[in-house]
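Below, each chain spelled out in residue letters.
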Amino acid sequence: MAEPHKLAEFIATRSSTGGHGRYPRVEIDVSSWQIAIGQLESQNWILFGLWGERDSVNMALLDESASDVAIVTLPCVEGSFPSVAKRHSPASRLERAIRDLFGLEAEGAPDVRPWLDHGCWDVSQPLRKAGIEKIVQPYRFLSAEGESLHQIAVGPIHAGIIEPGHFRFHANGETIVRLEARLGYAHKGTESLMRGSSLERGAKLAGRVSGDSTVAYAAAFARATEAANAVDVPVRAHWLRALMAELERLANHFGDIGAICNDASFSLMHAHCSVLRERVLRAADFCFGHRLMRDCIVPGGVSSDVDATRVGMLRALLAEIGRQFPALIELYDNTASLQDRTVSTGILKPELARQFGAGGFVGRASGRNFDARKAFAYPPYDQLSFEVPVLSEGDVNARVWIRIREVQQSVSLIEQILAQMPAGPIRSQLPNASGEGLAIVEGFRGDILVSVRLAEDGTIERCHLRDPSWFQWPLLEAVIEGNIVADFPLCNKSFNCSYSGHDL
Amino acid sequence: MRKLLLQSLIRAPLTEILTKVDDAEIADLASKLDVASRRRLGRSLSIREVDAGSCNGCELEIHALNNAFYDLERFGLKFVASPRHADVLFVTGPVTKNMCQALERTYSATPSPKWVVAVGDCAIDGGLFAGSYAVSGGVAEVLPVNLYIRGCPPRPQDLLRGLLALLETPT
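These protein sequence lines map, in sequence, to chains A and B.
Counting from 1, one number per residue, gives the positions in the first sequence under our numbering.
Counting from 505, one number per residue, gives the positions in the second sequence under our numbering.
In case anyone wonders, no lab produced these hints; they're calculated from the structure.
Quick reminder that beta carbons are idealized off the backbone N, C-alpha and C, glycines included.
It is possible that part of the hints are untrue.
Under the rule of at most 25 Å between Cα atoms (straight-line distance), these lysine to aspartate or glutamate pairs were calculated in the DMTMM-like manner [stated by the list, open to error]: (1) A/Lys134 with B/Glu608; (2) A/Lys134 with B/Glu645; (3) A/Lys129 with A/Glu107; (4) B/Lys507 with A/Glu330; (5) A/Lys204 with B/Asp662; (6) A/Lys204 with B/Glu645.
Far from chain B, by Cβ distances over 10 Å, these chain A residues were calculated [to be verified]: (7) Lys6; (8) Trp33; (9) Gly38; (10) Asn44; (11) Glu64; (12) Asp122; (13) Gly173; (14) Lys349; (15) Ala433; (16) Arg453.
Label pairs and their computed distance ranges (CB to CB) [stated by the list, open to error]: (17) A/Val388 with B/Thr523: 41 to 47 Å; (18) B/Arg515 with A/Ser265: 21 to 27 Å; (19) A/Val177 with B/Leu513: 44 to 50 Å; (20) B/Ser616 with A/Ser267: 30 to 36 Å.
Please put together the full structure from these sequences, using the hints given.
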């Protein structure tokens, strides 16, 4: 009998290890692992995460048609597992990271170069049972050969105020033949620090995975711990979390829209969008006591409530956005010199977006209709009305337009939240129990996945945080091919992948 | 576009006056700065920002310094693209081991006299990431630091006050 395409059926026939909240986790053998890889390869399922344990490897799978997510665990008896990347390339960097951190080998992997480990740590494979002595390997960039090709090396420190990463271009004159990114410069060892931490400290670490997504990460971490403890948080806390999440989305989208235009030297748009961003941050500061709303979401609920004055302030913010933003959209749409830079630049083909399961505006600008708020309808989004904008052009312009539409949707969502938010308590106590939980939250950049396992005393035994950038960074390399070097900042900004979130 | 530009002409500017606060810490650090070097700097500083593995939170707030509300350049302060043009290195993050070499090279590429500002709690002592195998635990582990600006991330006003402390002569 052929294996079912439905993830739920695949999982049902295998022995469950019990909870991960609403998402099942099953331990499987090598043959089932291969079947799962086959389903990824034929694109029935989407790779949603791949991370190591001391002696096993976990893979999160998404069946998009049914909005099902499950985790499969493969014990690594010999310290190795069959490579997923061998047949499904989006797994490649994840496998390289697993080896760098846990020392688990992906058998038959197409790329065995280190990824996060640059040979600068005192130990190698720091998360394995016992760290081993340092191994330093030379790093070879992929090559491109041909007449008059030259290399351009950029980074890790860039000309602007951005995160560290290295980009190696092979170019023919101005035209880029190949781009390869080398990341890991911002690796802080967050997952090792998570081990043995209290939930309180874990929440703070999660909130510092990627500064621009501090709300989304804190929410994902909190939801995962609540799933592990099988605790429901007060309804109002869900609404306040969504309020913060939408404010964060607004701030980031304003920042991005302006910055993309700025990278096309259209600073007027940048100046106006920066003002709107600042207004959002100030409103957030007034309402929650922190401009980025850091540490405002905690396991069990949220740390502060909004009163009538604060609601009034937020309504004023929405009114101001309503007054200013339409003129900016018009400005973007009617400036031919700007459109000349963004239209048909850096095209991401829908097939690639689908293969990599690219989330956020990167996926949605290339025809992938996926948004965790809709797919999993976690509260309060199940009670709110909103649209997920999707375009198919896949160029810089489409990624700008997705952001513009999402700003409009977020404004509407905040209006609905302010009008409908139920009264009540905002925090419940977690019981300090053992368990495991998984949560998926839609950040401004895409879907964030957090898996957590708690020990008997309620401390964190293992916590994995998967940034949407893992499945977006490789696509930037594909997108840039055939574009000119001068358009790289534009393409890069339109993706706005996280370095810190990816490097962890 | 014309309408937008015209409106900006007739509208009052958004830029705000920076209120001074008595920050003992900043005043103390500022007083330690060499008076002679202040004279050489005059009232203008070029700043090179280096992200040494921050979460990007500090960068977001440093970016905000350029918006209309804070308008960094009115104080004679500007961010430059190369350390060779810089007087000040503005370093964020716990200084990951993977960034140590790049940070050291940036410092040596900066002409003297030069100042190093450690921005944010991570840059001060590694913050929440102190003790990790992957971080050095603060800028001072790698470079001599002249000024610390606290916060996670520091607010734009705090960043501005810290920078102005570098410019103003101690009283």
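Outcome of the hint check:
no.	hint	in the structure
1	A/Lys134 with B/Glu608	holds, 22 Å
2	A/Lys134 with B/Glu645	holds, 21 Å
3	A/Lys129 with A/Glu107	holds, 20 Å
4	B/Lys507 with A/Glu330	holds, 11 Å
5	A/Lys204 with B/Asp662	holds, 22 Å
6	A/Lys204 with B/Glu645	holds, 24 Å
7	Lys6	holds, 39 Å
8	Trp33	holds, 30 Å
9	Gly38	holds, 36 Å
10	Asn44	holds, 35 Å
11	Glu64	holds, 29 Å
12	Asp122	violated, 6 Å
13	Gly173	holds, 23 Å
14	Lys349	holds, 29 Å
15	Ala433	holds, 25 Å
16	Arg453	holds, 20 Å
17	A/Val388 with B/Thr523: 41 to 47 Å	holds, 43 Å
18	B/Arg515 with A/Ser265: 21 to 27 Å	holds, 24 Å
19	A/Val177 with B/Leu513: 44 to 50 Å	holds, 46 Å
20	B/Ser616 with A/Ser267: 30 to 36 Å	holds, 33 Å
Against the hints set out earlier in the document, a violation occurs for number 12 only.
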